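Chemist: Take these sequences, add in the hints, and give me the full structure.
What follows is the residue order along each chain.
Protein chains: 2
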Amino acid sequence: MSHSSGKSQQDALHAADAASTLVLKRVAIDTYRENVAYLHRDCELYRAEGFQALAKVEVSDDGRRILASVNVVDDDTIVGCSELGLSEDAFALLGLPEGHRVSVSQAEPPTSIPALHRKIAGERLSSENFRAIVNDIAEHRYSKIELTAFVVACNQAELDREEVFFLSDAMSRVGRRLNWGEHPVVDKHCIGGIPGNRTSMLVVPIVAAHGMLCPKTSSRAITSPAGTADTMEVLARVELQFEQLNSIVRTHRGCLAWGGTSDLSPADDVLIAVERPLSIDSPGQMVASILSKKVAAGSTHLVLDIPVGPTAKVTSMPEAQRLRRLFEYVAKRMGLVLEVVITDGRQPIGNGIGPALEARDVMQVLENSPAAPADLRQKSLRLAGRMLEFDPDVRGGDGFAIARDILDSGRALRKMQDIIEAQGSKPFDLGNPPLAPLTYAVRADTAGTVVNIDNLQLARIARQAGAPRAQGAGVDLRAKLGDPVQPGDLLYTVYAAYPTELGFARRLCERSSGFTLGQAADITPAFMEF
Amino acid sequence: MSHSSGKSQQDALHAADAASTLVLKRVAIDTYRENVAYLHRDCELYRAEGFQALAKVEVSDDGRRILASVNVVDDDTIVGCSELGLSEDAFALLGLPEGHRVSVSQAEPPTSIPALHRKIAGERLSSENFRAIVNDIAEHRYSKIELTAFVVACNQAELDREEVFFLSDAMSRVGRRLNWGEHPVVDKHCIGGIPGNRTSMLVVPIVAAHGMLCPKTSSRAITSPAGTADTMEVLARVELQFEQLNSIVRTHRGCLAWGGTSDLSPADDVLIAVERPLSIDSPGQMVASILSKKVAAGSTHLVLDIPVGPTAKVTSMPEAQRLRRLFEYVAKRMGLVLEVVITDGRQPIGNGIGPALEARDVMQVLENSPAAPADLRQKSLRLAGRMLEFDPDVRGGDGFAIARDILDSGRALRKMQDIIEAQGSKPFDLGNPPLAPLTYAVRADTAGTVVNIDNLQLARIARQAGAPRAQGAGVDLRAKLGDPVQPGDLLYTVYAAYPTELGFARRLCERSSGFTLGQAADITPAFMEF
Numbered sequence: 005m006s007h008s009s010g011k012s013q014q015d016a017l018h019a020a021d022a023a024s025t026l027v028l029k030r031v032a033i034d035t036y037r038e039n040v041a042y043l044h045r046d047c048e049l050y051r052a053e054g055f056q057a058l059a060k061v062e063v064s065d066d067g068r069r070i071l072a073s074v075n076v077v078d079d080d081t082i083v084g085c086s087e088l089g090l091s092e093d094a095f096a097l098l099g100l101p102e103g104h105r106v107s108v109s110q111a112e113p114p115t116s117i118p119a120l121h122r123k124i125a126g127e128r129l130s131s132e133n134f135r136a137i138v139n140d141i142a143e144h145r146y147s148k149i150e151l152t153a154f155v156v157a158c159n160q161a162e163l164d165r166e167e168v169f170f171l172s173d174a175m176s177r178v179g180r181r182l183n184w185g186e187h188p189v190v191d192k193h194c195i196g197g198i199p200g201n202r203t204s205m206l207v208v209p210i211v212a213a214h215g216m217l218c219p220k221t222s223s224r225a226i227t228s229p230a231g232t233a234d235t236m237e238v239l240a241r242v243e244l245q246f247e248q249l250n251s252i253v254r255t256h257r258g259c260l261a262w263g264g265t266s267d268l269s270p271a272d273d274v275l276i277a278v279e280r281p282l283s284i285d286s287p288g289q290m291v292a293s294i295l296s297k298k299v300a301a302g303s304t305h306l307v308l309d310i311p312v313g314p315t316a317k318v319t320s321m322p323e324a325q326r327l328r329r330l331f332e333y334v335a336k337r338m339g340l341v342l343e344v345v346i347t348d349g350r351q352p353i354g355n356g357i358g359p360a361l362e363a364r365d366v367m368q369v370l371e372n373s374p375a376a377p378a379d380l381r382q383k384s385l386r387l388a389g390r391m392l393e394f395d396p397d398v399r400g401g402d403g404f405a406i407a408r409d410i411l412d413s414g415r416a417l418r419k420m421q422d423i424i425e426a427q428g429s430k431p432f433d434l435g436n437p438p439l440a441p442l443t444y445a446v447r448a449d450t451a452g453t454v455v456n457i458d459n460l461q462l463a464r465i466a467r468q469a470g471a472p473r474a475q476g477a478g479v480d481l482r483a484k485l486g487d488p489v490q491p492g493d494l495l496y497t498v499y500a501a502y503p504t505e506l507g508f509a510r511r512l513c514e515r516s517s518g519f520t521l522g523q524a525a526d527i528t529p530a531f532m533e534f
Numbered sequence: 005m006s007h008s009s010g011k012s013q014q015d016a017l018h019a020a021d022a023a024s025t026l027v028l029k030r031v032a033i034d035t036y037r038e039n040v041a042y043l044h045r046d047c048e049l050y051r052a053e054g055f056q057a058l059a060k061v062e063v064s065d066d067g068r069r070i071l072a073s074v075n076v077v078d079d080d081t082i083v084g085c086s087e088l089g090l091s092e093d094a095f096a097l098l099g100l101p102e103g104h105r106v107s108v109s110q111a112e113p114p115t116s117i118p119a120l121h122r123k124i125a126g127e128r129l130s131s132e133n134f135r136a137i138v139n140d141i142a143e144h145r146y147s148k149i150e151l152t153a154f155v156v157a158c159n160q161a162e163l164d165r166e167e168v169f170f171l172s173d174a175m176s177r178v179g180r181r182l183n184w185g186e187h188p189v190v191d192k193h194c195i196g197g198i199p200g201n202r203t204s205m206l207v208v209p210i211v212a213a214h215g216m217l218c219p220k221t222s223s224r225a226i227t228s229p230a231g232t233a234d235t236m237e238v239l240a241r242v243e244l245q246f247e248q249l250n251s252i253v254r255t256h257r258g259c260l261a262w263g264g265t266s267d268l269s270p271a272d273d274v275l276i277a278v279e280r281p282l283s284i285d286s287p288g289q290m291v292a293s294i295l296s297k298k299v300a301a302g303s304t305h306l307v308l309d310i311p312v313g314p315t316a317k318v319t320s321m322p323e324a325q326r327l328r329r330l331f332e333y334v335a336k337r338m339g340l341v342l343e344v345v346i347t348d349g350r351q352p353i354g355n356g357i358g359p360a361l362e363a364r365d366v367m368q369v370l371e372n373s374p375a376a377p378a379d380l381r382q383k384s385l386r387l388a389g390r391m392l393e394f395d396p397d398v399r400g401g402d403g404f405a406i407a408r409d410i411l412d413s414g415r416a417l418r419k420m421q422d423i424i425e426a427q428g429s430k431p432f433d434l435g436n437p438p439l440a441p442l443t444y445a446v447r448a449d450t451a452g453t454v455v456n457i458d459n460l461q462l463a464r465i466a467r468q469a470g471a472p473r474a475q476g477a478g479v480d481l482r483a484k485l486g487d488p489v490q491p492g493d494l495l496y497t498v499y500a501a502y503p504t505e506l507g508f509a510r511r512l513c514e515r516s517s518g519f520t521l522g523q524a525a526d527i528t529p530a531f532m533e534f
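Top line first, the protein sequences correspond to chains E and Y.
Under our numbering, think of the first position of the first sequence as 5, with each following residue one higher.
Under our numbering, think of the first position of the second sequence as 5, with each following residue one higher.
Each statement offered as a hint is correct.
Restricting the straight-line Cα-Cα distance to at most 27 angstroms, the calculated cross-link-like pairs of lysine-lysine (DSS-like) are:
| no. | chain 1 | residue 1 | chain 2 | residue 2 |
| --- | --- | --- | --- | --- |
| 1 | Y | Lys60 | E | Lys148 |
| 2 | Y | Lys148 | E | Lys60 |
| 3 | Y | Lys60 | Y | Lys148 |
| 4 | E | Lys60 | E | Lys148 |
| 5 | Y | Lys60 | Y | Lys29 |
| 6 | Y | Lys29 | Y | Lys148 |
| 7 | Y | Lys60 | E | Lys60 |
| 8 | E | Lys29 | Y | Lys29 |
| 9 | E | Lys148 | E | Lys29 |
| 10 | E | Lys148 | Y | Lys148 |
| 11 | E | Lys60 | E | Lys29 |
Stretch-level coverage of chain Y by chain E, calculated; a stretch enters the list once three of its residues show a Cβ under 8 angstroms from a Cβ in chain E:
| no. | segment |
| --- | --- |
| 12 | 29-39 |
| 13 | 147-153 |
Treat the hints as calculated values from the structure; they're not laboratory data.
A quick note: this is a predicted structure, and the numbers were derived from the prediction, not measured.
Ideal placement from N, C-alpha and C gives every residue a C-beta, glycine not left out.
Modeler: Listed below in structure tokens is the structure:
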């Protein structure tokens, strides 16, 4: 087909280009990870371009470029007609000074949108499709609506295992990719779902004390009351510059920092911002999220913990085996040595649920305190043992004993203190941990044996109480599976920082405490003794 | 279980209540249908409650109440420490004056969220689940993320037909429900997807001129370059107060107004705000959206148009039959008499695509102009004929001739003029319709017969050119299926209001014009002659 357009229109195109710069202004509004551009309704550019509220614009100069959604302003004191306002995050991301002239133009729709629509319709996508989508996501080209659509579409359509590899591989290729120049580089990860399960904070110091390189990047809670990064933050700074993190790992053989600043698999961080409010955690996304981060971080060997129990993420052995095979398939395609361990997920691990309470448990184990929760100690030693056996000099079956020696001798504690010091220590008194001021006690009203503890309900209670945002908030368990209790015995204490949140948590407890009392014989047997 | 909390905590709860009022301020920012509350970072209430950016708060007084997402502000000139700022829409929705003291509290999560999570996981929901979800949606309790998750989850999991009835029924019960006190009350609807298909603007005047009650509420474009409301808006006001709309229908037996102000199935309007940017239009949502609005509007009889063609929404007869059965099943459960007609959807109907261009086509047909597009006239007469046969005094088979008489005699035009006058007419000169100033011509570069016109590509081009936002923008077809063309013959002209948008549309045309030339024998036969 042939095409024509008049000269006057070419002129109009050039005129629009000339008029398209505005004076940059920082608008002191925190829009939480959503870039917002504020344009005055009478701004000539806004009218000339026919921008609409919520339209995406590209703001650029000097090779710097961000995308932002338009909010239209009718108040000169917020932005004037010749100004472009940016919300705080957007202003920081663009990195140009106030008063700078910037170009503003309508953003073209992300090129991967047709692929997104095909996934929404339930179709299978190619490796190229996933790369295009992941690139657009990492560059913040997707709106919240488009991100959510991608997450839910992948959640439901059950990506096939080849697609999970495509997605994991695409995610691991965006952002930074580390190469430590040695072998093995080890890591461990748990798929989550078990409150209090802070084994990484014990495993890393043990393995690093043995001399293995373990550049563990931890995440913050997605749907749980605390992630490893949230808990470690009670003891030390976790948001480190990449270079600092790098040098800590080289010096101390391990670290316990938040991975978000390292630009490892950055698309994952964007996706999590949507998965979190929806409590979504599908097999495909779980595998892609975990393995893309590990591969980007330069790990060569990984121990993966899949807990199974009636209220764990995985509720049956067949399901655990299916998930294990998916992890193994994708890890192999990505060149990662993977050891999956299926563990007892019938109840929380340790006593505390919430950052400060869990940090207390971890430090008690490292200090070899008599008050230390035995289940947390035992599980951590077993996981560390499996990791130590990645060392070609360690014989199969010897890992556990080596790990126990490192812990009992205080070498793990000293390694942890070194890591805390290196990341930037925070004041923490194990005798008086920083718990939230408001409390609420839940007691047994009959005699019996604890036969079930609902992981989900206890996580919900701890979250409603304010964890992980309020570090000292959460739940402190005083009874575990198999414990006999009398009427009036304390089952757990809820800690909260704000009255409203204590109220929310209390209402949840009143609906269901999460504890079931009965006969010792009623206890669900463990699906797997690990 | 028994529970206890200390007295000091009860006091703290009361203190928090007392401190929770702030002075209302209108912040002149248009956040486009998202309620935003602006709170100063040093606001005592913000700190005491531990609100977070994006947390939902409830703002209330005098029995009025809205929910809004928090944006945190660091600039006293936007909001002070004792003030609560509301974005323009949110301020209007709350309806209280500036300076009024309002209560602000953390909003509890919507009660239907567990049901949403089960739908995301692919489970079947009950009638009660759908009612709870639809209520929360209509009350704006869902965030954009939750809305998108619901839409995508229902899109993919293919709601079963019972669930589609639950959803339709729940949607029709929220908001206003009209009862016209007579029988039959007729309506027509097309599932969409065919550019230029403005039959409603011909069918309504014909049927109303016959004396049947036809309270047609029209929608704006969701994913198309124009909806009936967008096109009618070229000729008359379409955003009417409910009482006015009501009185026009009673006086003139019909109207062509936008349904959004009538509070009919308001949850549908909220869902469309998410479906629009995703171009989502699944069978279940289509049925629920259409039938809930018709039942709420008090219609008793409906003619539904399902166009079939290679680039229509429905591409095969088996698919059309499946959709027809779903519509019939749900309509029957809802007590609505439904007549489904399957029509030729192989190309756009009429010549114009875009509000002003389509309004021109419609008026040409009503004026019996020789330039009037024959396909638009013919299809409208057939649809009107089927509706007229809902009149117990009209014999089966006579409807078409009655409709043609009404059109040819000028009675349909006079009825349309009455409706336009009653809604509030706008200046419109059929000899000189208000088309956009910038144009771009697409011409044949070989000789041949038009054997295919891609509905989707032409709709995309018209939208990129600015339709429906820019009323005069769009595409004007100069050749249709079966037309022979010579090199240099005009296929269509693109109209745009802004240079950027003309550029976007031109780039699309250059990629693919949407026209295929070939031998007359290559034309896809019509799936159905209607």
